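Student: Take the given structure of chain A and dock chain B to it, following the hints.
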Amino acid sequence: MSWNSWEEFWDMGGYAFFVWGSYGVVFAGVALELWLAVRRRSAVLNGLRSHREDAYAEDAP
Amino acid sequence: MEHLRIRWFQWAAPQSFYPLAGRLWPWFAALAAVLALAGLYLGFFVAPTDFQQGEGYRIIFVHVPASWMSMVIYLAMAFWAFLGFTFNTRISGMMTQALAPTGAMFTFLSLWTGALWGKPMWGTWWVWDARLTSELILFFLYMGYIALTSAIDDPRRADRAGGLLALVGAVNVPIIYFSVKWWNTLHQGASVSLTKSPSMAAVMLWAMLVMTLAFWAYAVGMAFYRVRQTILEREQDAAWVGELKEIAP
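So the sequence lines, in the order shown, correspond to chains A and B.
Residues 1 to 61 (my numbering) are what the first sequence spells out, left to right.
Residues 1001 to 1249 (my numbering) are what the second sequence spells out, left to right.
The shape of chain A in the complex, shown without the other chains:
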């Protein structure tokens, strides 16, 4: 363990901007990708539901 306090941990030996800038963007990138993927799934499922309903409507006499 290299840290004696949380202040020291967040300071990263003076490299805080570079270390947290790296980890922050990794976290943001993963979060964005997850959000986009979940959003696409619900969009595709919604699209399929209305596509199916249209198909049934055409089949009806």
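Hints were generated in silico from the structure; no laboratory data involved.
Calculated cross-link-like contacts (lysine to aspartate or glutamate; reagent style EDC-like; alpha-carbon spacing at most 20 Å):
#1 Lys1119/B <-> Asp11/A
#2 Lys1119/B <-> Asp1050/B
#3 Lys1245/B <-> Asp54/A
#4 Lys1245/B <-> Glu1233/B
#5 Lys1119/B <-> Asp1129/B
#6 Lys1245/B <-> Glu53/A
#7 Lys1181/B <-> Asp1129/B
#8 Lys1245/B <-> Glu1235/B
A few chain A positions that, by computed beta-carbon distances, are all more than 10 Å from chain B:
#9 Asn4
#10 Ser5
#11 Glu7
#12 Trp35
#13 Ala57
All values derive from a computational prediction rather than experimental measurement.
Don't be surprised by glycine CBs; every beta carbon is placed ideally from N, CA and C.
Tutor: Chain B alone, transformed into the frame defined by chain A:
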């Protein structure tokens, strides 16, 4: 053998790959989360301060795994593209497409974290050396693949055009990997290689490997999650899609 082959091709049908991917992705997601927590703990609380770079070196625990995954995912895309050209299975092109956004993201993260590491250690965000330039080309290959496949309306033609780009572009991956040997680069040589013992403390190496496995599990889980939507879009008129409980009105 014959039995095994039949099984493989059976899984390659979209109808059976859809539920398989649906069963698999939660496991990979859970694995990625556990490994990432373990890797971050090792990297921030167990690994010692570096004698040269102080605490700034801790960028390594995301930079190297992201860079490795950027190359591994491109090779995986080339592998699926090769399967697609060889066996003409429909799922191959969909898997190539499902991997591309995650690969592009890891390539971007590799470049970004590299810039944030280069500034304090080298004094510059960016140099046009062989390693950095070939990684940037990899990013453009991912972007080119995504743009190309989304610009072609016919999915089978998009798969073929994209697959060709994935296969040809794979030449760039060994160039990235060996660039630090073949050319004089500002970027350092490999700290970890298959032929000699690693030039770093064991716990640092472990943290890096655990983070790499976490990113790998994330990429696999993400590809399985994403490919299901591509399957649904392409098979929207198939009877089995209509029977799925998730689209019941």
